[in-house]
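Number of protein chains: 2
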Amino acid sequence: MTEADDTGDYARHNARMARVAAAREKMQARRTLERGLLIVHTGNGKGKSSSAFGMAIRSIGWGLKVAILQYVKGKWETGERNFFEAHPDLATFEVMGEGFTWDTQDRALDITAARAAWERSKQMILDPTIDFVILDELNIVLRDDTLPIAEIVAFLKERPLTKHICITGRTAKPELLEIADLITDFTEVRHPYKAGFKAQRGVEY
Amino acid sequence: MTEADDTGDYARHNARMARVAAAREKMQARRTLERGLLIVHTGNGKGKSSSAFGMAIRSIGWGLKVAILQYVKGKWETGERNFFEAHPDLATFEVMGEGFTWDTQDRALDITAARAAWERSKQMILDPTIDFVILDELNIVLRDDTLPIAEIVAFLKERPLTKHICITGRTAKPELLEIADLITDFTEVRHPYKAGFKAQRGVEY
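Chain order of the listed sequences is A and B.
Residues 9 to 213 (my numbering) are what the first sequence spells out, left to right.
Residues 9 to 213 (my numbering) are what the second sequence spells out, left to right.
The following block holds chain A by itself, in its conformation from the complex:
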């Protein structure tokens, strides 16, 4: 694939790439469906939330309207929060969580906070002016059964198909994965935590 051929040029490589291009074009032509996707970012690796924020940027770049709701990180200063609060014209950005369950140490409060966040999420999903809804760390709340998975799945099944929804968090429930259109498992291969690094601004938060 990579070497010049005997004549010293890349004629064979270039001809092969022309065949690849033709095959790809044929494959793309078979892909015609277009509608709002239910996207799930899960797994133990780094990048689930940041990838959702990157899709927000892409969507804003196309003139789409984006709403982001963070379920857990409500009390923290994060880079994404600083960014979107400094640029309120770019997207709707709301933080509603009270911290991880070991931060609050108060399950009744966790349940109240999650319920309020879910009610707000439903408004965002039903709002016809919003094209892309990101529910950051909802999987964490579902894993702990702080919200009932059956209720959330029933609502998502009936969602308007005019918008994308992205749900993040490391342990997605099987019931959610079952109805998702796009699932990426973010798999940790190497993490600087294990080499003694602390979480760093811009990377982890």
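No false leads were slipped in.
No copy is singled out in the list; a pair is fine if it fits within one copy or between any two copies.
Below, simulated DSSO-like cross-link-like pairs (lysine-lysine); rule was C-alpha separation at most 27 angstroms, straight line:
#: 1; residue 1: Lys-202; residue 2: Lys-34
#: 2; residue 1: Lys-83; residue 2: Lys-206
#: 3; residue 1: Lys-165; residue 2: Lys-202
#: 4; residue 1: Lys-83; residue 2: Lys-73
The set of hints was computed from the structure by calculation and includes no laboratory data.
Position chain B against the provided structure of chain A, taking the given hints into account.
Same frame as chain A, but now just chain B:
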């Protein structure tokens, strides 16, 4: 973990969370290192580039200076390009590629374009005013040996440790993985391509 105990409240859950919090604090205290990380996003799943853009947003939110160089997507209109070109104050954003190798069908051009992009990448990495450098799809160019991996790895090993570098692309070379601090494998679990969906704005580009 999730049910109220016999007394009808969550006292046992809450006490357990207090113990979890103490254990986590002890663990965090052992993580003291802080320096620029070499981050690699690889794997066949969706989200490698968008996760890098999300880290850009986080970094900008902390007042860090970000530079993004795209190796492959030079000829395309993308959401990220639209976004950063509309907001040039937010980050340095440059596109230098000529398209995938099956688009150009011209290996000599691929090599020239990749070389120019790498020379620019080195400037960004050596620029003391830049805190975070994203080299989008560099792995693609390295996989095809359009640039020599040994040269790139030698330079990265000697990089200034005052900044983060994130390299994306589905097939990272083992030589690069060996020197990386943070590696996530984006693993495809389900992709709408396979159900006949075309690539959609805001999600894939």
